[in-house]
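Participant: What follows is each chain in one-letter form.
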Amino acid sequence: MTEPLKLSIDGVEITAQPGQTVLQAAIDNNIYIPYLCYWPGLKPYGSCRMCVVEVEGGRGTPASCTLPVTDGMVVTTASTGVSDLRHGILELLLSEHPHGCLTCHRIELCGPQDICLRHVSVVDRCVVCPKNERCELKDTVRFVGVNMESPLTYNYRNLQVETGDPFYDRDYNLCIVCARCVRVCEEIRGDDAVVMIERSGTVLVGTSFGTSLLESGCEFCGACIDVCPVGALVERDHKWDKAVKTVKTTCPHCSVGCQVNLEVDSRGSVIRSIGNWDSPVSVGQLCYMGKFGNEFVNKPDRIKMPMIKKHGELVETSWEEALGIIASRLPDYKGDAFSLLVSPRSTNEQAYLAGKFARSVMGTNNVDLSIDHRLELVEPLGRRLGNMAATGTVTELEDSACVLIVNSNTTEEHNVAAIPIKKGHKKGNKLIVIDTREVELTRYADLWLRPFPGTENALIGGMLKVIIDEGLQDAEFLATTSENFNALTASLASYDLDGVAETTGVPADKIAAAARYFAGGSSAAIVYALDNIEAEARTPLTESLIDLALVTGNVGKPSAGLFPLRPGANSQGALDVGCNPAYLPGQVAVDGTPGLTAPAALEGMVAGTVKAAMVIGDSPLFTAEAIHALSHTEFLVVQDLFLNDLAQSADVVLPMTSFAEDDGTVTNLDRWVQLRRQAIEAPGEARPSTYIFVELAGSMGVSDFGGDDPTAILAEIAEVVPAYAAINQESLEAGSVQLPSPDIAKIALTALPERSARGVAEDEFPFLFAPGRVLAMPGEEIEIIRSNGKNAIRREDALEIHPEDAATLGVAPGEVIEVATLTHRIRGMARTTGTLRGVISATVLFGELATALDTSGDCDPMLRVPGLHIMPVRVEKVLS
Amino acid sequence: MIEFTHLVQNFTEGAREDMREDVVEAADPLRARVVSAITAQPQRTVTVLSSLLAIEEELGYIPPQAIEEVATREAVTVNDVWAVASFYTNFRFTPPNKHIVEVCWGPTCHLLGAQSLLERVQNALGLTDEGDTPDGNVTLKYNTCLGACGQAPVIATDHHLHGRATSESIDRLLTRIKDKA
Chain H
1 MTEPLKLSID GVEITAQPGQ TVLQAAIDNN IYIPYLCYWP GLKPYGSCRM CVVEVEGGRG
61 TPASCTLPVT DGMVVTTAST GVSDLRHGIL ELLLSEHPHG CLTCHRIELC GPQDICLRHV
121 SVVDRCVVCP KNERCELKDT VRFVGVNMES PLTYNYRNLQ VETGDPFYDR DYNLCIVCAR
181 CVRVCEEIRG DDAVVMIERS GTVLVGTSFG TSLLESGCEF CGACIDVCPV GALVERDHKW
241 DKAVKTVKTT CPHCSVGCQV NLEVDSRGSV IRSIGNWDSP VSVGQLCYMG KFGNEFVNKP
301 DRIKMPMIKK HGELVETSWE EALGIIASRL PDYKGDAFSL LVSPRSTNEQ AYLAGKFARS
361 VMGTNNVDLS IDHRLELVEP LGRRLGNMAA TGTVTELEDS ACVLIVNSNT TEEHNVAAIP
421 IKKGHKKGNK LIVIDTREVE LTRYADLWLR PFPGTENALI GGMLKVIIDE GLQDAEFLAT
481 TSENFNALTA SLASYDLDGV AETTGVPADK IAAAARYFAG GSSAAIVYAL DNIEAEARTP
541 LTESLIDLAL VTGNVGKPSA GLFPLRPGAN SQGALDVGCN PAYLPGQVAV DGTPGLTAPA
601 ALEGMVAGTV KAAMVIGDSP LFTAEAIHAL SHTEFLVVQD LFLNDLAQSA DVVLPMTSFA
661 EDDGTVTNLD RWVQLRRQAI EAPGEARPST YIFVELAGSM GVSDFGGDDP TAILAEIAEV
721 VPAYAAINQE SLEAGSVQLP SPDIAKIALT ALPERSARGV AEDEFPFLFA PGRVLAMPGE
781 EIEIIRSNGK NAIRREDALE IHPEDAATLG VAPGEVIEVA TLTHRIRGMA RTTGTLRGVI
841 SATVLFGELA TALDTSGDCD PMLRVPGLHI MPVRVEKVLS
Chain B
1 MIEFTHLVQN FTEGAREDMR EDVVEAADPL RARVVSAITA QPQRTVTVLS SLLAIEEELG
61 YIPPQAIEEV ATREAVTVND VWAVASFYTN FRFTPPNKHI VEVCWGPTCH LLGAQSLLER
121 VQNALGLTDE GDTPDGNVTL KYNTCLGACG QAPVIATDHH LHGRATSESI DRLLTRIKDK
181 A
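Heads up: the protein sequence lines correspond to chains H and B, in order. Just so you know, the first sequence maps onto residues 1 to 880 in our numbering. Just so you know, the second sequence maps onto residues 1 to 181 in our numbering.
Excised from the complex, chain H in its bound form (with noise of 0.2 Å):
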């Protein structure tokens, strides 16, 4: 820790860090400098001038916000020179920036109700800026006093709201040109969807050509919404909305768990959603479903009454009398002949109960998220590491040397995880993707790799094998910390880097970089989610993925680690507090034989073998299938937000709350404990399942079950969940606190299987389909269009084809064809340019499932990301 610096502000003595700039230092001492241009987090940029101080025996008057502090310095913030200055500058800011707002002499007069008839022109008004009353350039003109009883005369630019792209309208004409927008775009995100265009007099905030946000490589995060001091840059929806107050939770959608700030309007809804900065998991960013994403809390079709189905029909009923059914019909199906399924969404509290009803009260296992939670990604790191969860830090990936993703669409799936990732690469930090697919980050990656699906593992073989013959791997590591490195090394004869190339289709060379890359650095990481791997080949992957990291010695040090990127917001802490078939809280196995996983109970209910189930929430995830499963049933019951297909087949529905409606913690996938915190009334009679399982629990005789108060279930888990030992509500309140990874024992190397030659398509479907999806494509013929004054993307389709089979199916380049499933057909022009045999890969632009996610009546629409599944199917020639 270097000493700190001492120096004064308007007489006040004050201490700063070296590396601060004046400003920073103010601020961290609650003196108040107005600024317009700086934000946390940001490189200084000096353009608004509003910072400007005085500093003795200094020269002019230098902006405070790029000025490093100095030991000693006097630093003057309001002298008449300053002041006079300052004033000057806001005036000429002013002379662009419609201004009604700032200048009208009611301004402190007018109420709620007023109607403002005749003393602000139209388009001036207060009340027609949707940042009417958190505007941060009305409070500086406030703080600076500029005279509000002579308007001044200001240039309007005339340009049109461009209101065609999702989720934003951006009007330019109240655009002070503080670059926020661009500077979070690029230093945070590393998008550059957005760019200074032209200059001096005219310059502004825009695209290349003037594009539309669909073609500029945005990805809809909000961002640059988030950080806009003024209404230039709005959400589209509840635009002109206030807000009464702010509360601050753990957003719904991905184990990423940023930190959201929920601003409420005096009616209750959720009205915006906005990053926390002060967070050390999410550090201020969210994502498309983060951001726009929440609307659902709002719906007016939420369930509000419970319902039982009395003659077909569901109707209404009281709490009391929907429980009654339940508490009746359940006895006669304990034990393993029932299945309860939980939301990924619900918090550890909700979880450890459902698993708590589940085993004490119904006396089976049969406990499990309602998704595919991918056990499979964490199990062997239980098994061989101690804990069953990511070993690293998500944010410190910006500084691994290298990063190694594996079937991962992080952008889409896990958006701010691929943050630090972006912002690595931009520092010059080696980027390595395997994927079969086109997703946003094979575009950064110094190497993509694009194997032929199903081959990934030996593909990371062929890596642990360049690594072991040129020597990469960590000595010293490997001697203090593994075993078994002998039968490592034995069981990659197999894998020559020739043979593993021919199965895998990956060239060589390629294998051989990325060996390098990853061993080669001071620092690697794995990222990895197995999207498209077979739920068995998961586990013998996973193992793969552990040998390479255990023999580059990246276990157990900063920015290294393995990162399973699972689906379910908390699907971590689900496990963590043993809402899992196979794991009792504290991720200890159950004893005998587990319990069923969701997929495997869906199989026992068509089979007859379970007979009731208890659904609570998000059901929109089960596909068509799970549905049908489920209404085998004989009793049902089913706890949502809304009656969808899944209610509607219920014997008992009950209302259930939002997760911007409870009290709680989740655990991210980086291990981050965050607490949710309600923002809004639930709506009518909607409770959280704690409340279901501790009635369900009393009225069928479990007499110590516990209450349903969120703190007292959370100092339930700190008792029996080691790691959570030291959690608790007042250590939480203060900010996010990060579970333990364990110390590192010796660990055994796993040798790996025998390399087998990549298998036979079926004959009916010898093709298999790699879809992708980007944020932009420079060069790709593509062409805006307006319908219902949105903008959409079309283009013509591509498929890409290797040549030889092309050749074989005598397509040429340019004709179209099109590539069936047994349900969907796609038709696009071929293109000789595939890199796999028997792959066809199709890539389409982020902009049109952002057009699809903001056009969507669904009530949810963010749970219905479509995936990028890799499918089997046939190519046909199209004759024209």
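Worth flagging that the hints you see were computed from the coordinates, not collected in a lab. One or more of the hints may lead you astray.
Simulated coverage check for chain B against chain H, where a stretch passes if three residues somewhere in it have a Cβ under 8 Å from a Cβ of chain H [what the hints assert, rightly or not]:
(1) 56–69
(2) 79–85
The following residues of chain B were derived to be distant from chain H, with all beta-carbon distances above 12 Å [said to hold, decoys possible]:
(3) T72
(4) V76
(5) T89
(6) P107
(7) H110
(8) N123
(9) G126
(10) G131
(11) C145
(12) G147
(13) Q151
(14) T157
(15) L173
(16) K178
Using N, Cα and C, we set each Cβ at its ideal position, and we do this for glycine too.
Position chain B relative to chain H; hints supplied.
Facilitator: Structure of chain B alone, referenced to chain H:
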């Protein structure tokens, strides 16, 4: 051969092979000219700006393909390239007309009567400002200094300087251009 641009970003090695100019030329001649302008730059350090200048020199304007090509080759986004290109008023983004007439309005030319010469040119072309004649023949540009102050007032037609310009010499030059059309 539109797809090579994104292949380039993916396969950093071997990328140049995908960019074989004969392949490009077949599909998009304009793109081929852009590519050859970028690759023919003699200097060691190729930047976004140097590439844009080379393209402007070759084509007389910066087409969308050029923004894409420069972005791909410099590993930045199209928006980044646009930020540079739109900063400089000397770049234009639509094809210029067949002939370019530049009138110098630097201080020396101004003192020696550039204003009246400019009006003469504008009247002859039917323009009131800088810009393109609707017939597609002439593009008029103001120039801050053509670098021949000793010959002031100066005008340039298709980058050829004409010193000590007079109303009569301007009429002759414009007639010649019209005849060439």
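Participant: Hint by hint, say whether it matches the structure.
Facilitator: Hint-by-hint comparison with the structure:
1. 56–69: It holds, with 5 qualifying residues against the three required.
2. 79–85: Answer holds; 5 residues pass the 8 Å Cβ test.
3. T72: violated (6 Å)
4. V76: Nearest chain H Cβ is 7 Å from V76/B, so the label is violated.
5. T89: violated (8 Å)
6. P107: For P107/B, whose nearest Cβ neighbour in chain H is about 21 Å away, the distance exceeds 12 Å, so it holds.
7. H110: holds (22 Å)
8. N123: Correct as stated: the minimum Cβ-Cβ distance to chain H is 29 Å, above 12 Å.
9. G126: Per Cβ check, G126/B is outside 12 Å of chain H; nearest 27 Å; holds.
10. G131: holds (17 Å)
11. C145: holds (19 Å)
12. G147: At about 23 Å from chain H, G147/B clears the 12 Å cut-off, so the statement holds.
13. Q151: holds (31 Å)
14. T157: At about 29 Å from chain H, T157/B clears the 12 Å cut-off, so the statement holds.
15. L173: Non-interface label on L173/B holds, nearest chain H Cβ at 33 Å vs cutoff 12 Å.
16. K178: holds (33 Å)
Comparing the model with each earlier hint shows violations of hints 3, 4 and 5; every other hint is respected.
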